[in-house]
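K.L.:
Chain by chain, the residues:
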Amino acid sequence: MKVSLWFQKLLNKMIDVRVLDLSSIRDSLKKGDFTSKELVKSYIERIEGSSKLNTYNTTTFEQALDRAEISDGKIKKNEAGPLEGIPIGIKDLFCTQGVKTTASSKILENFIPSYESTVTENLFKSGMIMLGKLSNDEFAMGSSNETSANGAVVNPWRSRNSEKELVPGGSSGGSSAAVAASLCPLATATDTGGSIRQPAAFTGTVGLKPTYGRCSRWGIVAFASSLDQAGPITKTVRDSALALQAMAGYDNKDSTSANIEVENFENYMNSNLNGMSIGIPKEFEELDLSLDIRQNWEEAIQWYKEAGVNIKSINLPHCKYALPAYYIIAPAEASSNLARYDGVKYGKRVPGEDLDSLYKRTRAEGFGDEVKRRILMGTYVLSAGYYDAYYLKAQKVRRLIHEDFLEAFKTVDAILTPTTPTTAFGIGENISDPLKMYSNDILTVPVNLAGLPAISIPSGLDSSGLPMGIQLITNHFDEKSLFKFGRLIEESRVNIEMPTDWWIKK
Amino acid sequence: MTISKDRILKIANLSKISISEDQIEKLEVEISSILNWVETLNEVDTENIEPMSNSLTNFLQMREDIVNDGEKRSDILSNSPAEDESFFVVPKVIE
Numbered sequence: 088m089k090v091s092l093w094f095q096k097l098l099n100k101m102i103d104v105r106v107l108d109l110s111s112i113r114d115s116l117k118k119g120d121f122t123s124k125e126l127v128k129s130y131i132e133r134i135e136g137s138s139k140l141n142t143y144n145t146t147t148f149e150q151a152l153d154r155a156e157i158s159d160g161k162i163k164k165n166e167a168g169p170l171e172g173i174p175i176g177i178k179d180l181f182c183t184q185g186v187k188t189t190a191s192s193k194i195l196e197n198f199i200p201s202y203e204s205t206v207t208e209n210l211f212k213s214g215m216i217m218l219g220k221l222s223n224d225e226f227a228m229g230s231s232n233e234t235s236a237n238g239a240v241v242n243p244w245r246s247r248n249s250e251k252e253l254v255p256g257g258s259s260g261g262s263s264a265a266v267a268a269s270l271c272p273l274a275t276a277t278d279t280g281g282s283i284r285q286p287a288a289f290t291g292t293v294g295l296k297p298t299y300g301r302c303s304r305w306g307i308v309a310f311a312s313s314l315d316q317a318g319p320i321t322k323t324v325r326d327s328a329l330a331l332q333a334m335a336g337y338d339n340k341d342s343t344s345a346n347i348e349v350e351n352f353e354n355y356m357n358s359n360l361n362g363m364s365i366g367i368p369k370e371f372e373e374l375d376l377s378l379d380i381r382q383n384w385e386e387a388i389q390w391y392k393e394a395g396v397n398i399k400s401i402n403l404p405h406c407k408y409a410l411p412a413y414y415i416i417a418p419a420e421a422s423s424n425l426a427r428y429d430g431v432k433y434g435k436r437v438p439g440e441d442l443d444s445l446y447k448r449t450r451a452e453g454f455g456d457e458v459k460r461r462i463l464m465g466t467y468v469l470s471a472g473y474y475d476a477y478y479l480k481a482q483k484v485r486r487l488i489h490e491d492f493l494e495a496f497k498t499v500d501a502i503l504t505p506t507t508p509t510t511a512f513g514i515g516e517n518i519s520d521p522l523k524m525y526s527n528d529i530l531t532v533p534v535n536l537a538g539l540p541a542i543s544i545p546s547g548l549d550s551s552g553l554p555m556g557i558q559l560i561t562n563h564f565d566e567k568s569l570f571k572f573g574r575l576i577e578e579s580r581v582n583i584e585m586p587t588d589w590w591i592k593k
Numbered sequence: 507m508t509i510s511k512d513r514i515l516k517i518a519n520l521s522k523i524s525i526s527e528d529q530i531e532k533l534e535v536e537i538s539s540i541l542n543w544v545e546t547l548n549e550v551d552t553e554n555i556e557p558m559s560n561s562l563t564n565f566l567q568m569r570e571d572i573v574n575d576g577e578k579r580s581d582i583l584s585n586s587p588a589e590d591e592s593f594f595v596v597p598k599v600i601e
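Sequences listed follow chains U and L, in order. The working numbering runs 87 ahead of the 1-based position in the first sequence. The working numbering runs 506 ahead of the 1-based position in the second sequence.
Incorrect hints may appear among the rest.
[To be verified] Heads up, simulated DSS-like pairs for lysine-lysine below, C-alpha to C-alpha not over 27 angstroms straight-line: (1) L:Lys532 x U:Lys523; (2) L:Lys598 x U:Lys193; (3) U:Lys251 x U:Lys497; (4) U:Lys212 x L:Lys578.
Because the hints were derived from the structure by calculation, they are not lab data.
Chain U extracted, bound-state conformation (with noise of 0.2 angstroms):
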């Protein structure tokens, strides 16, 4: 049976995209191993037999074919883009032109986009081509992806001698997910507290979340503009790097993008680490942290003494009041972002009586119940009485948390934390806790706040099996000390195997 499918594969020159990476894959099509089309249409098979993950909210297969065929053509004539051929699944927060982007909301179940994000039109001008829309919690609201409308993402990992499904992480839970499983060798995702690196951590890929203002924001459905942030999800840190080159850069589109230059990252996969400094921050060992995850950070940390690298104690005092603070602001510019969706330019209608009911009731039916929470939360932080209690409150304390970390960086290179209080949890355990949700972003919310870069990078296995991620935190545009420091990781840990393909329909 084994030999028969093999030589049927062979046939049909498809290629076993699991053993890919974005880096290797480009390489692949430079030296003719295999053509683009080949590429994608063993992705595609790949998609079609994991529906059981739930990964893809739209597929765009016969598009990305015919564009697979014009790469073949630019690779032969050597016009080929840095990125060109490879395929990529794009989280469905990003519009994209004549591609339905719902946000996995229902109030944007029907909304086809006229115009294309600058991140994924960068990224198609590099030769990128897509898959598909990946699902995430709805409208990014989430640490698990199971806010999503079109139901729950299921993780392609799965506690050793253990069946029960469990969550990938939010809210780029399609996005890692789909990566994890090799269903794209590179998606996009976005993070407002952590939803690039949780995800990321969850399912054994790298996250990074870049510098707030060095990826556009412009044609990202909009969470909570001072903290969201565009990055990729990849399998490995040069992956994450070339995917950051291809994503960023300055956009007049958007008023928060930063104009500097956008470094060739890949450059900086060989460091030396001999004499450069790591802070641990005392307050994060304070936190309730699993044990599995606390020794696999004391590891790390010995990982990097090994290399000559200098461990000092750092203080981040304010750290402890990031998530309180975060969820004021992030519902309150959620409150005021959302307030667009209301039945009449686009997006779900439905009438009523007069134009406030159509407001209200488009709303209650379009949006789901972690959404409506939190506009309701935002509306009353913002309300006349409460604003300075709460919202310039939190905008005081996120002006300390900031303070802290540059203060922290005086002295210290980087900043080394777990991305996650614990690994990956089974769907439905913690949905009707609000605060115990939460509380998964704890150790990535601080980052948020002060805008500062992060990658989560898989350092290791727990003891049920489950990949653990350890954060990476730098200075504001320091994005290649992450790559630096990152590599070492990967160096070091323990090999991680790949997810076994139990979800596969055969």
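Given chain U's structure and the hints, the job is docking chain L onto it.
P.N.:
Here is chain L on its own, set in the frame of chain U:
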């Protein structure tokens, strides 16, 4: 800090979201517990601290105040749930 039923109804109205009776009770409990939790911020001394609305305000870009886009009527109307030629249609607002 707990939030009253009346207050929930008021913010639901401000948010333009209709909510049912059983949802009100659930929201009362959930939002009250979130408000209790965020109250820990009161431990922080923020005397003379400027509120921070954005981590990189010095990057806010300005440009000339000139028209640089337009003629997008059909694009803008293309996703409208109800339109009439070049207008969005809504229930009658003025009697």
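K.L.:
Taking the numbered hints from earlier one at a time, note which ones the structure violates and give those numbers from smallest to largest.
P.N.:
The structure conflicts with hint 3 only, although it agrees with all the remaining ones.
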